[in-house]
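If you want this note's numbering, it's the 1-based position in the sequence shown plus 716.
Note that these hints are calculated values from the structure, not bench results.
Check before you lean on any hint, since a few could be wrong.
[Unchecked claim] Taking lysine to any residue pairs in the SDA-like style, the calculated list, with each CA pair at most 20 Å apart, reads:
| hint | residue 1 | residue 2 |
| --- | --- | --- |
| 1 | LYS797 | ALA843 |
| 2 | LYS923 | GLY804 |
| 3 | LYS991 | TRP1052 |
| 4 | LYS1055 | ILE1009 |
| 5 | LYS991 | ASP892 |
| 6 | LYS797 | ARG924 |
| 7 | LYS794 | GLY807 |
| 8 | LYS991 | GLY905 |
| 9 | LYS991 | SER895 |
| 10 | LYS991 | LYS1055 |
| 11 | LYS1055 | ARG945 |
| 12 | LYS991 | ALA1056 |
| 13 | LYS1055 | ALA1041 |
| 14 | LYS991 | THR886 |
| 15 | LYS991 | SER784 |
| 16 | LYS991 | ARG924 |
| 17 | LYS797 | LYS923 |
| 18 | LYS991 | LYS797 |
| 19 | LYS1055 | GLY987 |
| 20 | LYS794 | ARG945 |
| 21 | LYS991 | GLY904 |
| 22 | LYS797 | GLU988 |
| 23 | LYS1055 | LEU1027 |
| 24 | LYS1055 | ILE1042 |
| 25 | LYS1055 | ILE958 |
| 26 | LYS1055 | GLU988 |
| 27 | LYS991 | MET882 |
| 28 | LYS797 | SER784 |
| 29 | LYS794 | ARG924 |
| 30 | LYS991 | CYS915 |
| 31 | LYS797 | THR886 |
None of these values were measured; they are calculated from a predicted model.
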Amino acid sequence: MTAATIATGARIGLGWTDIMRMGLVQASIGAIVMLATSLLNRVMVVEYALPAALPAGLVAWHYAVQLSRPMWGHGSDKGRKRTPWIIGGMGILALGGIVAVNATILLPVSPIPGTLLAILAFSMIGAGVGAAGTSLLAMLASGVVPERRAAAAAITWIMMVAGIVMAAATAGSLIDPFSEQRLAIVSGGVALSAFVLACVAIAGIEKRLVPPPHPNADAPTASFGEALREIMGDATARRFTIFVFVSMLAYAMQDLILEPFAGLVFGMTPGESTKLSGLQHGGVMAGMIVAGIGGSAFAGRRPSDLRWWILAGCGGSALALAGLAIAATTAGAGAWPLKANVAVLGFANGLFAVSAIGAMMGLAGAGQQSREGVRMGVWGAAQAIAFGLGGLTGAMGVDIARGMLASDGAAFQLIFAGEAGLFILAALLGVRVTMRTADPLMVAAPA
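Take the sequences, apply the hints, and build the full model.
Take a look at the structure:
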């Protein structure tokens, strides 16, 4: 199914095939980001014995670069073409991923040049993700009819996780036995394949959005500052921004320490720990599918209907992290079901993520029209800050705890327990936000 005409004047909405194709772009983004946040993180910490704070700091920096997301979203709201932003962003992202691999290989022999090159690489990764990701979500929010927005967000996010899973499984299978040459070949192949796939998938979609998504394009356009003040003056949007920050902070803290945890505490090889990461993301994908089929995301209901899914996802994540905390000091016995524990963590993360995304897409079109890009940019920036702080806090916390406690297991146990507490707080905030939200604001306008 291609773009379909809907009942609002002559506006054209994106069809399911178009949404699936845009999901392939998300999958490509996820595949390349996996290289930097998962595979290269593991190689730096375990194979090269570098401090975990180094890759965590680099990942935090790539999130800091994404603080410009609202400005990119505002540019999309003003009626600029979004496809060039998506393709250009993907090109920068792919090149940044390749440069990051070379920087990683350079770090052990030339720390200062390697670090400078890594900073450049992760700057490119952050810019690429911000440009491509924000423009893609803005196209979804403005080009998809209201009743399909939550489903579109869920589908594209599920496909992004699928891209991460496939890339992790492929890289994990091909990189053993580990060598720098294998690392370069496998990573370069993933980056190039993802870029080509994204370009083919997005080609021609925007041309079918005729007339442009914003029928009032001739009216005076508010400045970026005015648009941002309007959104942050909305109590619902402001409360939701806080929820996004806290929940994503909890969500991100285990990202940079799970593979080092598997290597240092359970003695897994790079290939085994990368496959474990793929198992986690597979659980995330399964959780997203279950939450979507459950009706909330795919039925286009109010975000207030998503509160129980948010509660289940956050609560389940807290329990799974508590399990990892126990595993951190019982790994020597070899009896802890680590793979099952990680799969459950991923599943609960998926329940939470798709519910939060569904609520986000429901709010994206709320308030004054033609603000979808800025709204998605604001929440994307809040997510980026949380992801950066979460990854850095988790990794630095492990480094500090390892030094103080002189035990890898005890250090990871402390951090996992802290993450569980954050998820409990996120559950309370999420339920409170959805319960206090007035229904008229939360319902997407009828087609």
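Right, here's what the structure says about each hint:
Between LYS797 and ALA843, the direct Cα distance comes to roughly 18 Å. Compliance with the 20 Å bound is thereby established for this hinted pair. Pair hint LYS923 plus GLY804 holds up; C-alpha atoms about 17 Å apart against a cutoff of 20 Å. With a CA separation close to 18 Å, the supplied pair LYS991 and TRP1052 stays within the 20 Å bound. Taking the CA atoms of LYS1055 and ILE1009, the gap is near 25 Å; set against the 20 Å cutoff, the hint is violated.
This hinted pair checks out: LYS991 and ASP892 have alpha carbons roughly 11 Å apart, not beyond 20 Å. For a cut-off of 20 Å, the pair hint linking LYS797 to ARG924 stands: about 12 Å separates their Cα positions. Distance check on the hinted pair: LYS794 and GLY807 sit about 23 Å apart at the alpha-carbon level, beyond 20 Å; violated. Taking the CA atoms of LYS991 and GLY905, the gap is about 18 Å. The hint holds against a cut of 20 Å.
Of the pairs offered as hints, the one joining LYS991 and SER895 holds, with about 17 Å between alpha carbons and a cut-off of 20 Å not exceeded. Between LYS991 and LYS1055 the alpha-carbon distance is near 10 Å, which keeps this suggested pair within the 20 Å criterion. The straight-line distance between the Cα atoms of LYS1055 and ARG945 is roughly 46 Å, outside the 20 Å bound, and the hint therefore fails. Taking the CA atoms of LYS991 and ALA1056, the gap is near 13 Å; set against the 20 Å cutoff, the hint holds.
Annotation: proposed proximity of LYS1055 to ALA1041 holds, straight-line Cα distance about 14 Å (limit 20 Å). Between LYS991 and THR886 the alpha-carbon distance is near 9 Å, which keeps this suggested pair within the 20 Å criterion. A C-alpha spacing of about 33 Å is found between LYS991 and SER784, which places the hinted pair above 20 Å, so the restraint is violated. Of the pairs offered as hints, the one joining LYS991 and ARG924 is violated, with about 40 Å between alpha carbons and a cut-off of 20 Å exceeded.
For a cut-off of 20 Å, the pair hint linking LYS797 to LYS923 stands: about 10 Å separates their Cα positions. For the given pair, LYS991 sits about 38 Å from LYS797 by alpha-carbon distance, which is inconsistent with the 20 Å threshold. At most 20 Å may separate the alpha-carbon atoms for a hinted pair to count; LYS1055 and GLY987 meet this at roughly 14 Å. A hinted pair counts as satisfied when its Cα atoms are at most 20 Å apart, and LYS794 with ARG945 qualifies at roughly 17 Å.
About 19 Å separates the Cα atoms of LYS991 and GLY904, which keeps this hinted pair within 20 Å; it holds. Under the criterion of a C-alpha separation no larger than 20 Å, the hint pairing LYS797 with GLU988 is inconsistent with the structure, at around 43 Å. Distance restraint check for LYS1055 and LEU1027: the Cα-Cα separation of roughly 24 Å exceeds the 20 Å cut-off, and the hinted pair is therefore not satisfied. For the suggested pair LYS1055 and ILE1042, the alpha carbons sit about 14 Å apart, so the restraint of at most 20 Å is met.
Annotation: proposed proximity of LYS1055 to ILE958 is violated, straight-line Cα distance about 32 Å (limit 20 Å). Between LYS1055 and GLU988 the alpha-carbon distance is near 11 Å, which keeps this suggested pair within the 20 Å criterion. Between LYS991 and MET882, the direct Cα distance comes to roughly 10 Å. Compliance with the 20 Å bound is thereby established for this hinted pair. The suggested pairing of LYS797 with SER784 holds, with an alpha-carbon distance near 18 Å, which does not exceed 20 Å.
This hinted pair checks out: LYS794 and ARG924 have alpha carbons roughly 18 Å apart, not beyond 20 Å. Distance check on the hinted pair: LYS991 and CYS915 sit about 28 Å apart at the alpha-carbon level, beyond 20 Å; violated. In summary, the hint linking LYS797 to THR886 is not supported, as the alpha carbons are separated by about 34 Å, beyond the 20 Å threshold.
The earlier numbered hints that this structure contradicts are 4, 7, 11, 15, 16, 18, 22, 23, 25, 30 and 31.
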